[in-house]
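Enquirer: Each chain is listed here by its residues.
Protein chains: 2
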Amino acid sequence: MYLTIKQEILKNGISTVERISQKILSLPILQNVLVKGEGNFLNLSTTNLELGIKWWALAKVESEGQITVPTRLFSDIINFLPNKIIKLEKKDSTLNIECENYRTSLFGQAAEEFPIIPISKEGEKISLNSQKLCQGLSQVVDISSPSVARPEISGIYHCFQNNLIKIAATDSFRLAEKKLFQKTLLSKEFALILPRLTAKEVVNIFGEKESELQIYFSPNQILFESQMTEIPHPAIQITSKLIEGEYPNYEAIIPKKYETQIILSKAEFLNQIKSASLFSGKINEVSFKINPQKGEVEINSQNPELGKYQSSLPAKIKGKGVEISFNHRFLADGLFQIKTSEVIFELTGEEGPAVLKPLGDESYLYVVMPIKAS
Amino acid sequence: MYLTIKQEILKNGISTVERISQKILSLPILQNVLVKGEGNFLNLSTTNLELGIKWWALAKVESEGQITVPTRLFSDIINFLPNKIIKLEKKDSTLNIECENYRTSLFGQAAEEFPIIPISKEGEKISLNSQKLCQGLSQVVDISSPSVARPEISGIYHCFQNNLIKIAATDSFRLAEKKLFQKTLLSKEFALILPRLTAKEVVNIFGEKESELQIYFSPNQILFESQMTEIPHPAIQITSKLIEGEYPNYEAIIPKKYETQIILSKAEFLNQIKSASLFSGKINEVSFKINPQKGEVEINSQNPELGKYQSSLPAKIKGKGVEISFNHRFLADGLFQIKTSEVIFELTGEEGPAVLKPLGDESYLYVVMPIKAS
Numbered sequence: 582m583y584l585t586i587k588q589e590i591l592k593n594g595i596s597t598v599e600r601i602s603q604k605i606l607s608l609p610i611l612q613n614v615l616v617k618g619e620g621n622f623l624n625l626s627t628t629n630l631e632l633g634i635k636w637w638a639l640a641k642v643e644s645e646g647q648i649t650v651p652t653r654l655f656s657d658i659i660n661f662l663p664n665k666i667i668k669l670e671k672k673d674s675t676l677n678i679e680c681e682n683y684r685t686s687l688f689g690q691a692a693e694e695f696p697i698i699p700i701s702k703e704g705e706k707i708s709l710n711s712q713k714l715c716q717g718l719s720q721v722v723d724i725s726s727p728s729v730a731r732p733e734i735s736g737i738y739h740c741f742q743n744n745l746i747k748i749a750a751t752d753s754f755r756l757a758e759k760k761l762f763q764k765t766l767l768s769k770e771f772a773l774i775l776p777r778l779t780a781k782e783v784v785n786i787f788g789e790k791e792s793e794l795q796i797y798f799s800p801n802q803i804l805f806e807s808q809m810t811e812i813p814h815p816a817i818q819i820t821s822k823l824i825e826g827e828y829p830n831y832e833a834i835i836p837k838k839y840e841t842q843i844i845l846s847k848a849e850f851l852n853q854i855k856s857a858s859l860f861s862g863k864i865n866e867v868s869f870k871i872n873p874q875k876g877e878v879e880i881n882s883q884n885p886e887l888g889k890y891q892s893s894l895p896a897k898i899k900g901k902g903v904e905i906s907f908n909h910r911f912l913a914d915g916l917f918q919i920k921t922s923e924v925i926f927e928l929t930g931e932e933g934p935a936v937l938k939p940l941g942d943e944s945y946l947y948v949v950m951p952i953k954a955s
Numbered sequence: 582m583y584l585t586i587k588q589e590i591l592k593n594g595i596s597t598v599e600r601i602s603q604k605i606l607s608l609p610i611l612q613n614v615l616v617k618g619e620g621n622f623l624n625l626s627t628t629n630l631e632l633g634i635k636w637w638a639l640a641k642v643e644s645e646g647q648i649t650v651p652t653r654l655f656s657d658i659i660n661f662l663p664n665k666i667i668k669l670e671k672k673d674s675t676l677n678i679e680c681e682n683y684r685t686s687l688f689g690q691a692a693e694e695f696p697i698i699p700i701s702k703e704g705e706k707i708s709l710n711s712q713k714l715c716q717g718l719s720q721v722v723d724i725s726s727p728s729v730a731r732p733e734i735s736g737i738y739h740c741f742q743n744n745l746i747k748i749a750a751t752d753s754f755r756l757a758e759k760k761l762f763q764k765t766l767l768s769k770e771f772a773l774i775l776p777r778l779t780a781k782e783v784v785n786i787f788g789e790k791e792s793e794l795q796i797y798f799s800p801n802q803i804l805f806e807s808q809m810t811e812i813p814h815p816a817i818q819i820t821s822k823l824i825e826g827e828y829p830n831y832e833a834i835i836p837k838k839y840e841t842q843i844i845l846s847k848a849e850f851l852n853q854i855k856s857a858s859l860f861s862g863k864i865n866e867v868s869f870k871i872n873p874q875k876g877e878v879e880i881n882s883q884n885p886e887l888g889k890y891q892s893s894l895p896a897k898i899k900g901k902g903v904e905i906s907f908n909h910r911f912l913a914d915g916l917f918q919i920k921t922s923e924v925i926f927e928l929t930g931e932e933g934p935a936v937l938k939p940l941g942d943e944s945y946l947y948v949v950m951p952i953k954a955s
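Just so you know, the protein sequences line up as chains H and V, in that order.
Residues in the first sequence are numbered consecutively from 582, following the numbering used here.
Residues in the second sequence are numbered consecutively from 582, following the numbering used here.
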């Protein structure tokens, strides 16, 4: 292999693929990146066996070939180089990297030993704006539970119904759901569970730049693909196994009606919850007194060793007054995902589920259970 | 005690004093801040017994008094409050903090139990521009060794000779020296060793804003004082014990002449050293070939498991060619403290000390020992 490519392009490529490359004692080659010169392209690939990322860019390939080298070291070297033309040359099991007055030789491992997840474009396919998808995913992904005991809730649920996509995540204490729309007519309704790490990589890789993503579904695998702007050729592919199992019927938990509806300033509500959290105890309890007459939410917390806290903020309140307690972290997590300046907070009694929603945006909701009065 | 003060002023005060407040099991009150209303002032004090910080601001004091409360919690509360008038009120052993619709009660400890380092203004006194002093201190402080085995080199050496102040630090592998000038005529030459933490706090507290610092020296103690702009009253005082012992005669280590003098680009030199460091082994060795004929410095490193690195950069070279190795971290630390775009690098043979200096600035130098050829 012998090829040349500009430093800033290669730097972009290695930063796209590098995060999933991990040191695994039983299969050390997984900490490597596969560097391949083929046709008019440089192709970089990494995998953790569950998930594979491939990246291509146009390059001047004088001779084809491939090799794997340690991902982190390769990335560090490329990042230190000036933004000039880089030469990549494979010599036996070494990758030579040259750029102006810098010359590096990197010991590699044969490309043939590198595991490649096969790409399938069978099955259903949709097309989706990358930023819309990533914004939606990022609003739910951190709610999913990293637990291995219940693998199905460790992932992000996707349900496709005609042009509607429902994305949901839960850790059994709270639940977030985002609705997206797409244009393709699907032949049937279906659902899948995307691993948490895959969702995070999709957000990292496709979230920054607006592009049209093609998504291909086969029974146990999903493929996200973006195209080059210059020519019809894939730019980035993320392929991932799906999580098997039945996702809990989360929609049953979403309250159909409220007893109390509160509309308040998101920033001020969040600030008061965080202040109150300074005095909350081990169970993170902060309590709320909803006063429809005064149009006010009062926030209280106390700690026998530190002291006590009280604050209040004005709110538009419909329905019953109530006193209710929440884990402040769960409330703050939900508020953090709401992007509007005002938030709707709906309660169904002091022991029923509560809902947070952006005011004027029906596409997102966050359900959280109160702390039961002891 | 009952007083009012604006949130942004109090926030500035607590951020000035809070860093040295630490949890110490044998004396838990040291994690508290002393809050005192006296005359027209709010005064905050913290100490770790070695070092004390006092801060004052004008406040509307309705009744005088004092109390200590946990520093971190007090700081967090003040930071969450809106930028409005804060009321501080002592009730028995509780400090009530009110600001608009926020009300907090903080359990405290009696002010009488709080240890206060006595302030002395006896002895010599000088006046110095705060930013000049802090810039100088920050160029040497990180070189001092945090070692407890040799307490004298854990501090920053200061030597006062007429209007010249020499500030030096070493960890026995490298040495940094900065020269400053001041206007006061001193009655005699003297020297002192300032604890590392005190130097860091002086830089943190007085480094940002230009002011005139008064510095008072007594045999075992130093006092840094800044004044309020509104009225002649101290704004901040840092008082610290000094380290006893004899500082090593570091000037004997500074080479009087060089065998090779190299002038090169600081940014490019640093970038190549950091790139080379990717292949350096456990002793951080990176080697340099100085070629006066080619006007070039070649940088090499290699690692039997990873590969090898070579780069070069143009340089103005006087004197002998030489091959020499350094610990890359020690070189990078020195280069990082040099603020000019070009740096002078002087060598005295492959085993003698090397010196880094900013080009055109005689006030700073950094001495580093090479790694001996094995």
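Some clues are possibly wrong.
Since the list gives no way to pick out one identical chain from another, each pair is judged satisfied if it fits inside one copy or across any two copies.
Claimed, not checked - Pairs of lysine to any residue residues, derived as SDA-like cross-links and limited to a Cα-Cα distance of at most 25 Å, are as follows:
#1 K920 - F661
#2 K889 - Q603
#3 K747 - D657
#4 K764 - N744
#5 K668 - T765
#6 K641 - L630
#7 K760 - Y797
#8 K747 - S893
Because the hints were derived from the structure by calculation, they are not lab data.
Keep in mind the model is a prediction, meaning the values are calculated, not measured.
Enquirer: Are the CA atoms of K747 and D657 at most 25 Å apart within a copy, between copies, both, or neither?
Expert: Intra 39 Å, inter 39 Å, cutoff 25 Å: neither.
Enquirer: Give the relationship of K764 and N744 under a CA distance limit of 25 Å: within one copy only, between copies only, both, or neither.
Expert: Classified as within; 6 Å inside a copy, 78 Å across copies.
Enquirer: Is the C-alpha distance from K760 to Y797 at most 25 Å within one copy, between copies, in both cases, or in neither?
Expert: within (19 Å within a copy, 67 Å between copies)
Enquirer: Pop the pair K889 and Q603 into one bin, within, between, both or neither, using alpha-carbon distances up to 25 Å.
Expert: between (46 Å within a copy, 23 Å between copies)
Enquirer: For K920 and F661, with the copy left unspecified, which applies at a CA distance of at most 25 Å: within, between, both, or neither?
Expert: So K920 and F661 pass the 25 Å test across copies only (21 Å; inside, 37 Å).
Enquirer: Is the C-alpha distance from K641 to L630 at most 25 Å within one copy, between copies, in both cases, or in neither?
Expert: Result: close neither inside a copy nor across copies, 30 Å intra and 66 Å inter.
Enquirer: Regarding K747 and S893, is the shortest C-alpha distance of 25 Å or less found within a copy, between copies, in both, or in neither?
Expert: Neither: 35 Å inside a chain and 56 Å across chains, both beyond 25 Å.
Enquirer: Checking an output row: K668 and T765, CA cutoff 25 Å. Within, between, both or neither?
Expert: neither (43 Å within a copy, 61 Å between copies)
Checked against the numbered hints given earlier, this structure breaks hints 3, 5, 6, 8; the rest are met.
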